[in-house]
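> 14 is the number of the first residue of the sequence shown in the numbering used here; add one for each residue after it.
No lab work stands behind these hints, which were simulated from the structure alone. The beta carbon of each residue, even a glycine, is placed where N, CA and C say it ideally should be. Heads up, some of the hints might be wrong.
The calculated lysine-lysine pairs, modelled on DSS-like cross-linking and capped at a C-alpha distance of 30 Å, are [claimed, not checked]:
no.	residue 1	residue 2
1	LYS175	LYS165
2	LYS88	LYS174
3	LYS185	LYS169
4	LYS196	LYS174
5	LYS47	LYS175
6	LYS185	LYS175
7	LYS174	LYS185
8	LYS37	LYS88
9	LYS46	LYS196
10	LYS170	LYS196
11	LYS169	LYS24
12	LYS185	LYS47
13	LYS196	LYS185
14	LYS88	LYS46
15	LYS46	LYS185
16	LYS47	LYS196
17	LYS47	LYS37
18	LYS185	LYS170
19	LYS88	LYS165
20	LYS37	LYS169
21	LYS37	LYS24
22	LYS165	LYS46
23	LYS169	LYS196
24	LYS196	LYS165
25	LYS24	LYS196
26	LYS37	LYS185
27	LYS88	LYS185
28	LYS24	LYS47
29	LYS170	LYS37
With beta-carbon atoms standing in for the labels, derived distance ranges [claimed, not checked]:
no.	residue 1	residue 2	range
30	ASP193	THR171	15 to 25 Å
31	ASP202	LYS24	14 to 24 Å
32	LYS169	ASP69	31 to 41 Å
33	ASN79	THR203	40 to 50 Å
34	LYS88	SER162	19 to 29 Å
35	GLU57	MET14	28 to 38 Å
36	VAL18	ARG53	14 to 24 Å
37	GLU20	ALA177	13 to 23 Å
38	VAL18	ARG64	16 to 26 Å
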Amino acid sequence: MESTVIEVTSKGGGISEALSLTEKLGIESGIRKKSVIHLRLLAEELFGMLRSIAGDVSANYWIEYNGPDFELHLKSTVEITDKMRDQFISASSSGKNDAARGVMGKIKVMIANFMFSAREALPYTLINTPASYHMGAAAGETAAMWSMSLYKDEIKKTGGKKSAEAWDELEKSIVANIADDVKVCILGDTVEIIINKTFWH
Numbered sequence: 014m015e016s017t018v019i020e021v022t023s024k025g026g027g028i029s030e031a032l033s034l035t036e037k038l039g040i041e042s043g044i045r046k047k048s049v050i051h052l053r054l055l056a057e058e059l060f061g062m063l064r065s066i067a068g069d070v071s072a073n074y075w076i077e078y079n080g081p082d083f084e085l086h087l088k089s090t091v092e093i094t095d096k097m098r099d100q101f102i103s104a105s106s107s108g109k110n111d112a113a114r115g116v117m118g119k120i121k122v123m124i125a126n127f128m129f130s131a132r133e134a135l136p137y138t139l140i141n142t143p144a145s146y147h148m149g150a151a152a153g154e155t156a157a158m159w160s161m162s163l164y165k166d167e168i169k170k171t172g173g174k175k176s177a178e179a180w181d182e183l184e185k186s187i188v189a190n191i192a193d194d195v196k197v198c199i200l201g202d203t204v205e206i207i208i209n210k211t212f213w214h
């Protein structure tokens with residue numbers, strides 16, 4: 014089943030309504046109270062990333078669900094402004110900027126980097142792995158997809174200090190600890206983030 018679509022903005026518009034919808038669907042689906050809290054936390058992480066973007070960005074939020082299986086979708090057409098570009102470039106070059114802190118911060122930077130340099134190799138360390146790959150797309154459009162579960166697998170295989178740091182960051186991430194997977198799909202200037210979670214009773 015699919016929920017109604019709610020428009021949310023980086024200024025906070027629609028977010029309280031979207032969180033209420035998320036909780037309501039969790040309760041109606043019969044998952045445990047703790048699971049409903051986890052579902053809300055995942056939605057809050059999505060909206061936190063949206064709110065951290067400089068400028069005025071709107072996105073469509075909806076949930077696809079079937080029993081204990083949930084998919085949280087956030088889809089937006091992103092027009093990169095000079096302010097956003099400066100913010101992301103400084104974040105990706107230093108790796109220490111607040112914009113790149115945490116898993117969701119890195120995903121945000123990854124999206125911007127891909128859009129800035131769609132014809133080049135994707136530059137940010139988070140996505141220099143087989144967890145990210147270019148996809149075939151319509152003429153004139155670029156496309157890519159990144160998966161957190163593939164990223165986790167790649168870190169485990171790689172080893173070394175950087176992988177240990179990346180794993181440590183994942184272990185501290187609410188999203189990485191709760192979600193079964195996070196997918197980022199980019200097609201042209203449209204970005205969709207999908208969080209998958211099955212709540213076992």
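> Compare the structure with the hints numbered earlier in the document and write down the numbers of the violated ones, lowest to highest.
2, 5, 11, 20, 29, 33, 35, 37
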